[in-house]
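Trainee: Chains A and B, in that order, are what the protein sequence lines are. Residue numbering for the first sequence follows the numbering used here, starting at 8 and increasing by one per position. Residue numbering for the second sequence follows the numbering used here, starting at 24 and increasing by one per position.
No wet-lab data here; the hints were simulated from the structure. Heads up, some of the hints might be wrong.
To be verified - For each label pair, taking beta carbons as the anchor points, the in silico distance ranges come out as:
(1) ARG49(B) with PRO126(A): 24 to 32 Å
(2) GLU50(B) with PRO288(A): 39 to 47 Å
(3) GLN97(B) with GLN509(A): 27 to 35 Å
(4) GLN97(B) with GLN17(A): 27 to 35 Å
(5) HIS942(A) with MET163(B): 23 to 31 Å
(6) ARG49(B) with LEU106(A): 34 to 42 Å
What the hints assert, rightly or not - Stretch-level coverage of chain B by chain A, calculated; a stretch enters the list once three of its residues show a Cβ under 8 Å from a Cβ in chain A:
(7) 62-69
(8) 97-107
Claimed, not checked - The calculated EDC-like cross-link candidates involving lysine to aspartate or glutamate, where the alpha carbons are at most 16 Å apart (straight line), are:
(9) LYS984(A) with ASP1011(A)
(10) LYS211(A) with ASP247(A)
(11) LYS839(A) with GLU879(A)
(12) LYS53(B) with GLU256(A)
(13) LYS62(A) with GLU38(A)
(14) LYS478(A) with GLU529(A)
(15) LYS36(B) with GLU47(A)
(16) LYS99(A) with ASP134(A)
(17) LYS83(B) with GLU48(B)
(18) LYS140(A) with ASP177(A)
(19) LYS52(B) with GLU294(A)
(20) LYS34(A) with GLU159(B)
(21) LYS168(A) with ASP123(A)
(22) LYS52(B) with ASP177(A)
(23) LYS76(B) with GLU11(A)
(24) LYS281(A) with GLU291(A)
(25) LYS36(B) with GLU510(A)
(26) LYS317(A) with ASP98(B)
(27) LYS910(A) with ASP865(A)
(28) LYS156(B) with GLU141(A)
(29) LYS140(A) with ASP201(A)
(30) LYS132(B) with GLU159(B)
(31) LYS23(A) with GLU47(A)
(32) LYS36(B) with ASP57(B)
(33) LYS34(A) with GLU131(B)
(34) LYS156(B) with ASP326(A)
(35) LYS200(A) with ASP123(A)
(36) LYS36(B) with GLU133(A)
(37) LYS281(A) with GLU294(A)
(38) LYS289(A) with ASP247(A)
(39) LYS116(B) with ASP57(B)
(40) LYS151(B) with ASP221(A)
For every residue, glycine included, the Cβ atom is placed at its ideal position computed from N, Cα and C.
Single-letter residue listing:
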Amino acid sequence: MMEEEKLMKQELSAMKEQVSSPNTSMKQMREVMVRAMYCEMLGYDASFTYIHAIKLAQQGSVLEKRVGYLAVSLFLSEGHELLLLLVNTVLKDLQSTNLIEACMALTVVAQVFPKDMIPAVLPLVEDKLSHPKEIIRRKAVLALYKFYLIAPNQVQHIHAKFRKALCDKDPGVMTSSLHIYLQLIRESPEGYKDLTGSFVAIMKQVVGGKLPMDFYYHNVPAPWLQIQLLRILSLLGREDQSTSELMYEVLDESLRRAEMNHNITYAILYECVKAIYTIHPKAELLEKAARCIGNFVLSPKINLKYLGLKALTYVVQHDAKLALQHQMTIIECLDHSDFTIKRETLELLFRITNAQNVTVIVEKMLDFLRGCKDEHTIIHLTMNDVFSIGGDSLQQDVPNNFLRLLAEGSECKEEDDELRLIAVDSYLTVLKGDASHLPQHFLQVMSWVLGEYSHLQECVDQREVIRLLTKLLDERSVSSETRVWILSALTKIPEGQTDLIQELAESLSSSQDTVLRQQAQELRHLSRDSQLQECVLPRGAPWDSMEVDSSLSFLDGFVSEALAAGAAPYKPPHQRQEELSEERALNLEPYSFSLPVSLSSCSITDRQSPTLLSVSSGVSGNSTELSQKEGSSTLILEGVKRVWGKDGYLPQKETAATAPPVDEPGIAVNPSGQQEAAERIEPQPEPSTRNQDKQQLASSLFVGLGTQSSISLLGKSEAPPPRFRKKPRPHESSSSSSSGTSERSSDSSSRSPHSKTDSFLYGSLLEEEPVTCTSTTTNGLSQNKHAEGERRANTSQILGSDMVIVRPNTIQDRHPPSVSSDLTALLPSEIKDLPHSDVISLTSDPSLSLASCRMFRDEALLLVIFICNCTETVIKDVAVQLTCEELETASLRGNVVDCLEGKSTSVCHYALLMDEPHTNVSFTGTVSYQTQPGHTNTLPFSGTLSTTDFIRPLVITTEEYGKLWLSLSHDVKQNLKLLTDAGGDPLKTTLNALKDALQLHVVDIIGSEGIVACRLLSGAPCLLHCRVNGSALAVWLRSPHPSFPDCIMYHCQRALAEL
Amino acid sequence: MMHFLLLFSRQGKLRLQKWFLPLPERERKKIVKDMTTMVLARKPRTCNFMHWKDLKIVYKRYASLYFCCGLENQDNELLALEILHRYVELLDKYFGNVCELDIIFNFEKAYFILDEFLMGGEIQETSKQSIAKSVEASDMLQEVRH
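One chain only, chain A, in its complex shape (with noise of 0.2 Å):
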């Protein structure tokens, strides 16, 4: 570092003085010019060119006007008083006949130039608009497009020509309009209902591929251009029927055209959506839109799945429901390790609160808001509507986690405090208004938050805050519980103000209500005494160092006094029940009876209010209360409780008390990392509670969409939505949670190898792109008969190559529903005797059931597919997509047929190969198919796959294994379990016991050491020397693949944790 500075500054002299020579030349200047750009990006300052920039585009060549016009554009921002002397510039150059210097001064005119600059070369720009060439059109259409955002009235006049860039012959010019359209339209969309149909046009010319390649992106037809222009069309047709009509068409047809198989297709899928939900609704239209929703959440790629839950959380403002169709996807993005999907699939909670599922989403916001502080603007913002969309069915730590989080705060103070200047200020702002109808738990947070924190904002004025909360006092909806948190927090505004407080106190001390009244004393008292109120109330106090006598031993001589006079010795609330109740004979209470938060005006008049607030009542002696209070792991648990408890499902009640254990919370509470490791170790004893667990978050968070889908959860047993089911449970912790294996072949998952380009920084930056994605099948007719060569060439293979007997695996086993082996009868002749594993049902709708089976071939892994037409009528067109981002994919057969007929199966299956180990992988697939002419149905379906599946034995002699050993290079070491349970030798027991898991090759076993080969497919070998080390078994794994010995030792660990 410090060598660098030094670098630098030399560097920076020496510039000085070449600047500052006269015999510097043109060609040298813009060299410094480079320089000097470089230095400012690395943080050096170098102001002292500024001016020799603006020199070099004045006089320079047309080389040197294009530095010096980007050195203009990075140093000086806008209102650099330097830029006034690159007007005369500017304007000779948007006057000159050479094309590229009226390109240059247009780009910086976009760039640099202020509101106030904007007249003088207005003109110039808006004569542009009808330049002969094309790019100087566009350019000055998009510098106007920044007039427009920066000086919209500077621009009004040129509306007129604003419609001829829309209509000019260059698609790109009309693009560039766009732009500006957009801008417009979203301030008064009125003012151009008369374009949609222009517009409509243009999008069915686009869609319809009427335009010039250079347009295409990657085989789509100009895509900015259609996300565009769907942006403006769902601005025209919100809330207007008879425009939304014009667009329905062309909606439907983007829809349909949107191939999936680039990220672009989604962009514009998902621009589709939104458009289709803004837009006055129609249900054809609104179902398409739904399932290709689907398609994104079921998603393997995290981009998609994030762009899933945006489409959701747009989407459930129109429609709650269709959030139940994804609620497990939701469950597990909820509990996601990345930071931003776990915020977006809050976002997406907050959209279906309601008043039954509001403590369980505010729980987990709080979870979340614990788990990170950086975000707390909008969470907070978040809490603000929460609180008063459902505050009142808050339990009463709701609120009171809330304020803790607020006055604990981080380590950052700094940090702590802009939180709650925001909270005071956005709390003032909500008081300003209306604030009888709000619930009372949030007026109480509110008055809290701004007795103890309203000094922290210098602008407001104290006596505003008192006016608000004393007016608040007087509102008659305010409960007398609320009034004591009023109060106290009146208490702990500073002094000065005595007069107002005065007042009130003054005003309250003839009040009905005892506690009222005593805090008005109180506060008379301290208002008047200064010295007493900073020893009552010390501000700015740490909040560990509080002490309190929980036991109120000063008060001992009081009490010891009274009860010398007479009176009667003080028993706790349950003793004076329990006696109430024998004198009654018959209890008549609930049993969960809970006191109603009775606060004494001790414990609230306090700093801590809201910490102390769980203490006083525990100390009051109501033993449920405290429990209920402890450790905030289990309020989940409690939230879920009482939920099915109001809803009235007393016979599931029982089975919810005993399943959640306690000691195993929910997915949700654990740091994701420790319950995938605990998962990956330990065999999951009762895979089944977990998975209950699941449901019950998800029946808690989705109570109230539609009683349907809680019917359908808690009765599970009996008809879950297959989508859930077929879920593998590997697939689950996968997904739910990045586990800690998977990081170190991680990296693929932008299928990137960076251990390869790593090393060297001359790598190409491309080269890690899959810029088109080779690994997709499309089911076009190149494909299938690429295919059918294909499938010759296998089956020759397959009667030449000597078959290794391999078991269904131990994912498969776990696969819960089985469908019936007849399937299996099914299969294609030439595939028929290849092991198998069992068949398992995929997905289904009414008509047709989706069920899969893989076939272990020896250089590939066959995906059959059955397709069993459920009905009794003919299926027609049913066509197989399948697509798997880390696998090549190719269809071996049918994957396309005409008719399917009623009650028949038919079966297409796959060659997958995998080229890149990866731990499991994921495929996802659409079946199209008509039942009617003209109306297609799609049915999305995925499943994962283990590399397991894809790990063959390697046969090899041990000094072919020796030979290949010394050439391989990655290492990996690492201890296994060794089986010693089971008798007879365990080095034994366990490599078999692995081979038989994994489909390894056992070479030789030599005293306490044994070596196992096996190979990915037909491709890179792993080899793994094994050595008994104690009660551990010490593997050595070495491959040519870097990533290959990671996913084989996770696999290998799995496999022993479940024996």
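Once you've looked at the hints, dock chain B against the given chain A.
Mentor: For chain B alone, coordinates are given in the frame of chain A:
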């Protein structure tokens, strides 16, 4: 509309910065600092999007370089990813197998390409051919003069 585009290395060194909205120097420095720390701290297997104040941050790593941009709320994240990708493609076309050093030593060229691609924070031209043509046209002009 895009607010800014930053390129920085894995070590957090800024390689290119483009600001589409006027911001005081202090604010810019803060953004650069926040972006590098936030993006570099992202774990693998996370999505390419983040939130920062009221902006959406979209980033992507290409070899040793991170491309990162700030978007407005209504902008489409996937589309922004494609913008980044197209920019990389453009750089690749121009430099031929582009790497970080190309951008360090010819960063003004990287800016010129960017200026033909984006303007005022919006896409100006998406065709690789057209952009290459106009960048080359200016380059050629220089050759002739010297």
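Trainee: The structure should be examined with respect to each hint, and the outcome stated for every one.
Mentor: The hints, checked one at a time:
Between ARG49(B) and PRO126(A), the C-beta spacing of about 30 Å keeps the proposed range 24 to 32 Å intact. Between GLU50(B) and PRO288(A) the Cβ separation comes to about 42 Å, which falls inside the hinted range of 39 to 47 Å. Take GLN97(B) and GLN509(A): their Cβ atoms lie about 53 Å apart, and the range 27 to 35 Å is violated. A beta carbon spacing of about 47 Å between GLN97(B) and GLN17(A) contradicts the range 27 to 35 Å that was offered as a hint.
A beta carbon spacing of about 57 Å between HIS942(A) and MET163(B) contradicts the range 23 to 31 Å that was offered as a hint. In this structure the supplied range 34 to 42 Å holds for ARG49(B) paired with LEU106(A), their Cβ-Cβ distance being about 38 Å. Residue count for the stretch 62-69 of chain B with a Cβ under 8 Å from a Cβ of chain A: 4. That meets the three needed, and the coverage hint holds. Under the rule that three or more residues need a Cβ within less than 8 Å of chain A, the assignment of the stretch 97-107 of chain B holds, with 7 such residues.
For the suggested pair LYS984(A) and ASP1011(A), the alpha carbons sit about 20 Å apart, so the restraint of at most 16 Å is broken. Annotation: proposed proximity of LYS211(A) to ASP247(A) is violated, straight-line Cα distance about 21 Å (limit 16 Å). About 28 Å separates the Cα atoms of LYS839(A) and GLU879(A), which puts this hinted pair outside 16 Å; it is violated. With a CA separation close to 47 Å, the supplied pair LYS53(B) and GLU256(A) exceeds the 16 Å bound.
Of the supplied pair hints, the one linking LYS62(A) and GLU38(A) holds, its CA atoms being roughly 14 Å apart against a limit of 16 Å. Between LYS478(A) and GLU529(A) the CA atoms are separated by roughly 20 Å; this puts the pair beyond 16 Å, and the hint is violated. Of the pairs offered as hints, the one joining LYS36(B) and GLU47(A) holds, with about 12 Å between alpha carbons and a cut-off of 16 Å not exceeded. Simply put, LYS99(A) and ASP134(A) have alpha-carbon atoms about 14 Å apart, close enough for the 16 Å limit, and the pair holds.
At most 16 Å may separate the alpha-carbon atoms for a hinted pair to count; LYS83(B) and GLU48(B) exceed this at roughly 25 Å. Of the supplied pair hints, the one linking LYS140(A) and ASP177(A) holds, its CA atoms being roughly 10 Å apart against a limit of 16 Å. With a C-alpha separation of about 47 Å, the suggested pairing of LYS52(B) with GLU294(A) is violated against the 16 Å cut-off. With a CA separation close to 20 Å, the supplied pair LYS34(A) and GLU159(B) exceeds the 16 Å bound.
For the given pair, LYS168(A) sits about 22 Å from ASP123(A) by alpha-carbon distance, which is inconsistent with the 16 Å threshold. Between the alpha carbons of LYS52(B) and ASP177(A) the distance comes to roughly 39 Å, so the proposed pair goes past 16 Å and is violated. A hinted pair counts as satisfied when its Cα atoms are at most 16 Å apart, and LYS76(B) with GLU11(A) does not qualify at roughly 32 Å. With a C-alpha separation of about 15 Å, the suggested pairing of LYS281(A) with GLU291(A) holds against the 16 Å cut-off.
Note on LYS36(B) and GLU510(A): the hinted pairing is violated, with a Cα-Cα distance of about 62 Å set against a maximum of 16 Å. With a C-alpha separation of about 12 Å, the suggested pair LYS317(A) and ASP98(B) falls inside the 16 Å cut-off, and the hint holds. Of the pairs offered as hints, the one joining LYS910(A) and ASP865(A) is violated, with about 33 Å between alpha carbons and a cut-off of 16 Å exceeded. Between LYS156(B) and GLU141(A) the CA atoms are separated by roughly 14 Å; this keeps the pair inside 16 Å, and the hint holds.
A threshold of 16 Å between alpha carbons decides the hint, and for LYS140(A) with ASP201(A) the separation of about 29 Å lies outside it, so the pair is violated. For the given pair, LYS132(B) sits about 10 Å from GLU159(B) by alpha-carbon distance, which is consistent with the 16 Å threshold. Taking the CA atoms of LYS23(A) and GLU47(A), the gap is about 14 Å. The hint holds against a cut of 16 Å. About 13 Å separates the Cα atoms of LYS36(B) and ASP57(B), which keeps this hinted pair within 16 Å; it holds.
Under the criterion of a C-alpha separation no larger than 16 Å, the hint pairing LYS34(A) with GLU131(B) is consistent with the structure, at around 15 Å. With a C-alpha separation of about 49 Å, the suggested pairing of LYS156(B) with ASP326(A) is violated against the 16 Å cut-off. At roughly 33 Å between alpha-carbon atoms, LYS200(A) and ASP123(A) are farther apart than 16 Å, so this suggested pair is violated. Among the hinted pairs, LYS36(B) with GLU133(A) is inconsistent with the structure: their alpha-carbon atoms are about 40 Å apart, more than 16 Å.
A C-alpha spacing of about 13 Å is found between LYS281(A) and GLU294(A), which places the hinted pair at or below 16 Å, so the restraint holds. Our distance criterion of 16 Å between C-alpha atoms is met by LYS289(A) and ASP247(A), whose separation comes to about 12 Å. The suggested pairing of LYS116(B) with ASP57(B) is violated, with an alpha-carbon distance near 31 Å, which exceeds 16 Å. Between LYS151(B) and ASP221(A) the alpha-carbon distance is near 8 Å, which keeps this suggested pair within the 16 Å criterion.
Going down the numbered hints, you'll see the structure goes against 3, 4, 5, 9, 10, 11, 12, 14, 17, 19, 20, 21, 22, 23, 25, 27, 29, 34, 35, 36, 39, while the others check out.
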